[in-house]
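Peer 1: Generate the whole structure from the sequences, applying the supplied hints.
Note that the working numbering has the sequence shown beginning at 1, numbered continuously upward.
Simulated from the structure, these hints should not be mistaken for lab results. For each residue, glycine too, the CB sits at the ideal point set by N, CA and C. There may be inaccurate statements among the hints.
Pairwise CB distance ranges (calculated) [unchecked claim]:
| no. | residue 1 | residue 2 | range |
| --- | --- | --- | --- |
| 1 | D69 | S44 | 36 to 46 Å |
| 2 | P120 | A87 | 41 to 51 Å |
| 3 | F91 | S143 | 15 to 25 Å |
| 4 | W90 | N115 | 31 to 41 Å |
| 5 | Q65 | E85 | 22 to 32 Å |
| 6 | S101 | K123 | 23 to 33 Å |
| 7 | L76 | S127 | 12 to 22 Å |
| 8 | N112 | D86 | 37 to 47 Å |
| 9 | K58 | F84 | 34 to 44 Å |
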Amino acid sequence: MREIIRVSGKLLRQKRSLGLSVNDVNLILSQRSFSEFARSLLLSEISKTNIRETNRRKDLASFNQLIPDIVHILTLTNKRHFEFEDANKWFGKVLQSFMTSTNKEAGLLVLNSFNLLADPDEKHDDSVIKKAQIMGWCVEMVSMDIQKPHPKKRKQFWD
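Peer 2: In structure tokens form, the structure reads like this:
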């Protein structure tokens, strides 16, 4: 068993393409048995998954809090044109229905990209985060419009 660990340690050091960090390699090499290594790796992955899921829930909650603001902004009526008030109310209902029914994957992808690419200072600036969330909603609306078939034609909107 020690020989296997020694040989696999050489391979791990040579082949960094496995996606393991230096700490993971050292952890593998320091384990007494494969079962201990497997158990520690599993616990490590479970904790990473829990952290990711917690972050996703926080992002989703903050993303959903923006719905009333976006609906309000997009349905503002010009006070000189009262004939559009009914259309704006209907549009507000459509937006509300759409924004609460989608799975929001495309919009959350924008937020994840922002978190990966933004400077550390920007990640804590509320105005920049709000702009990223608004961009996420724009992407969500466009992607839903492209992906969802038209209910009457049973084709894509552009067909």
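Peer 1: Could you tell me whether the CB distance from Q65 to E85 stays inside 22 to 32 Å?
Peer 2: Cβ of Q65 to Cβ of E85: about 26 Å, so the range 22 to 32 Å holds.
Peer 1: Quick check: does the Cβ-Cβ distance between L76 and S127 fall within 12 to 22 Å?
Peer 2: Holds - the Cβ-Cβ distance for L76 and S127, about 21 Å, lies within 12 to 22 Å.
Peer 1: Quick check: does the Cβ-Cβ distance between P120 and A87 fall within 41 to 51 Å?
Peer 2: The hint (41 to 51 Å, Cβ to Cβ) holds, given that P120 and A87 are roughly 44 Å apart.
Peer 1: Should the hint that F91 and S143 are 15 to 25 Å apart at their CB atoms be regarded as holding?
Peer 2: holds (19 Å)
Peer 1: Could you check the hint for me, namely that W90 and N115 are 31 to 41 Å apart, CB to CB?
Peer 2: The hinted range 31 to 41 Å holds for W90 and N115, with Cβ atoms some 36 Å apart.
Peer 1: Determine whether the Cβ-Cβ distance between S101 and K123 falls within the hinted range of 23 to 33 Å.
Peer 2: holds (29 Å)
Peer 1: Return holds or violated for the Cβ distance of K58 and F84 against the range 34 to 44 Å.
Peer 2: holds (37 Å)
Peer 1: Given the hint of 37 to 47 Å, is the C-beta distance from N112 to D86 inside that range or not?
Peer 2: holds (39 Å)
Peer 1: Given the hint of 36 to 46 Å, check if D69 and S44 actually sit that far apart at their C-beta atoms.
Peer 2: holds (39 Å)
Going through the hint list in order, the structure satisfies each hint without exception.
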